[in-house]
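Start from the sequences, fold in the hints, and give me the full structure.
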Amino acid sequence: MATTSVSGNSRAPATAAGRLLATAVANPFGTLVVLGLAYLAWTLGLPIVDWAFVNATWVASDRAGCNPDGACWAFIVNRLPQFAFGFYPEAERWRAWIVLLAPPLLLLLAMAPDFPGRRRILVVGFCLYPIAAFVMLAGGVLGLAPVPSEKWGGLLLTMVVGLGAFVFSFPIAILLAIGRASKLPAIRLLATGFIEFWRGMPLIAILFMSVIMLPLFLPPGVEFPRLTLAMIGITLYSAAFLAEVARGGLQSVSRGQSEAANALGFGFWAMQGYIVMPQALRAVLPGIVNSAISLLKDTTYVMVVGLFDLLNIVNAALSDPAWLGLATEGYVFVGLVFWSLCFGLSQVSARMERDAERNQSRTPSGERKAP
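Its first residue numbered 1, the sequence shown is counted upward by one per residue in the UniProt record's numbering.
In short, the hints are calculated from the structure, not lab data. Hints are not guaranteed to be accurate.
[As the list claims (entries may be wrong)] Pairwise CB distance ranges, derived in the manner of DEER restraints:
{"no.": "1", "residue 1": "F224", "residue 2": "Y274", "range": "23 to 29 Å"}
{"no.": "2", "residue 1": "R354", "residue 2": "P104", "range": "19 to 25 Å"}
{"no.": "3", "residue 1": "G256", "residue 2": "P220", "range": "53 to 59 Å"}
{"no.": "4", "residue 1": "V332", "residue 2": "A41", "range": "34 to 40 Å"}
{"no.": "5", "residue 1": "E90", "residue 2": "P116", "range": "24 to 30 Å"}
{"no.": "6", "residue 1": "A186", "residue 2": "A41", "range": "55 to 61 Å"}
{"no.": "7", "residue 1": "N262", "residue 2": "P116", "range": "33 to 39 Å"}
{"no.": "8", "residue 1": "F29", "residue 2": "N262", "range": "55 to 61 Å"}
{"no.": "9", "residue 1": "A327", "residue 2": "L190", "range": "21 to 27 Å"}
{"no.": "10", "residue 1": "V59", "residue 2": "R93", "range": "21 to 27 Å"}
We put the CB at the ideal spot given by N, CA and C, even for glycine.
Right under this line is the structure:
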């Protein structure tokens with residue numbers, strides 16, 4: 001019998017990048033493409049590195065103290081507390097720190113491989129986050145000094161609006177998805193009309209109507225903070241899109257699941273809560289996270305109604321006479337912050353998908369199924 005020996009030098013690269021590079025240089029055309037991309041990265045990357053790091057200025061009191069050939073990151077460093085918390089009182093910023101650090105800690109918990117009960121803690125934590133964040137920031141209870149929402153701003157406001165609107169819109173979206181799939185014509189028509197109306201409206205128009213127009217029709221003496229009105233509009237807007245994502249998940253669940261639940265004596269809501277909806281949401285988890293990422297980026301629209309989110313407060317800081325001409329640094333900073341948040345969400349989603357696939361590949365006894 002003939003045997004084939006494989007030398008150590010012929011082993012396939014262990015990493016994905018190594019396998020991709022080995023495949024690319026397997027022919028002359030691929031080699032030219034790799035060399036061209038390397039040259040492009042060198043010619044474009046070297047000036048960026050020089051501007052962002054080598055010639056950058058990190059400590060200065062104004063624009064005049066920065067190196068004109070590099071980035072003036074001193075602008076970001078000096079304004080960082082304002083970019084993070086807006087106009088929140090300095091003596092009370094420990095409360096804002098708790099609100100800002102809670103979501104990253106929950107995401108890290110979600111990625112912990114063997115932490116007991118991490119999924120339940122994650123779900124409960126994010127469901128309670130908007131209420132706890134509002135109580136912590138607004139104060140007036142538990143001995144906390146009251147702070148009006150007009151003083152909230154920066155990254156703090158972006159996180160509160162984004163996560164709050166997503167959490168509040170999620171149960172509304174599930175009810176709308178169930179309603180649109182209902183066999184009752186009236187419920188189906190109402191759910192469909194709600195979804196199509198809010199999906200067809202631009203978010204800027206919704207914010208304008210919620211914050212500017214709606215107060216004109218309220219009874220005299222009835223007033224709501226602009227943040228509350230904006231949150232209501234964004235929540236309803238997000239619920240319409242999430243409802244369609246959830247409806248796609250409902251369509252992926254076979255009818256036999258519902259029939260089996262009915263045969264076992266499950267009521268409608270028990271069947272939805274224990275049988276149908278968990279499978280539906282698991283099937284559309286990437287779409288849910290994609291909606292969350294889109295909503296987080298859409299929070300920048302609140303600037304049109306005078307709320308100082310991260311982007312708007314950076315825009316306002318750029319008009320400071322001491323830091324004129326630093327729009328590039330400001331927008332790069334905002335872009336990196338949003339990219340970091342969105343990338344973190346995508347990584348958590350990927351981890352949850354892998355966990356779900358691993359759980360599905362196991363038999364009830366805990367052994368893996370045969371391939």
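Evaluated hints:
1. The given range of 23 to 29 Å is broken by F224 and Y274, whose C-beta atoms sit roughly 37 Å from each other.
2. Between R354 and P104 the C-beta distance comes to about 20 Å, which sits within the given range of 19 to 25 Å.
3. At about 58 Å, the beta-carbon gap between G256 and P220 stays in the expected band of 53 to 59 Å.
4. The beta-carbon spacing between V332 and A41, approximately 19 Å, falls outside the hinted interval of 34 to 40 Å.
5. As the Cβ distance of E90 to P116 is approximately 39 Å, the hint placing it in 24 to 30 Å is violated.
6. Between A186 and A41 the CB atoms are about 60 Å apart, so this pair conforms to the stated range of 55 to 61 Å.
7. A hinted range of 33 to 39 Å for the beta carbons of N262 and P116 is consistent with their spacing of about 34 Å.
8. Roughly 60 Å separates the CB atoms of F29 and N262, a value that falls within the hinted 55 to 61 Å.
9. Between A327 and L190 the beta carbon distance is about 47 Å. The supplied range of 21 to 27 Å is therefore violated.
10. One distance hint, 21 to 27 Å for the beta-carbon pair V59 and R93, holds here, with the actual separation near 22 Å.
Hint check: violations occur at hints 1, 4, 5, 9; the rest are consistent with the structure.
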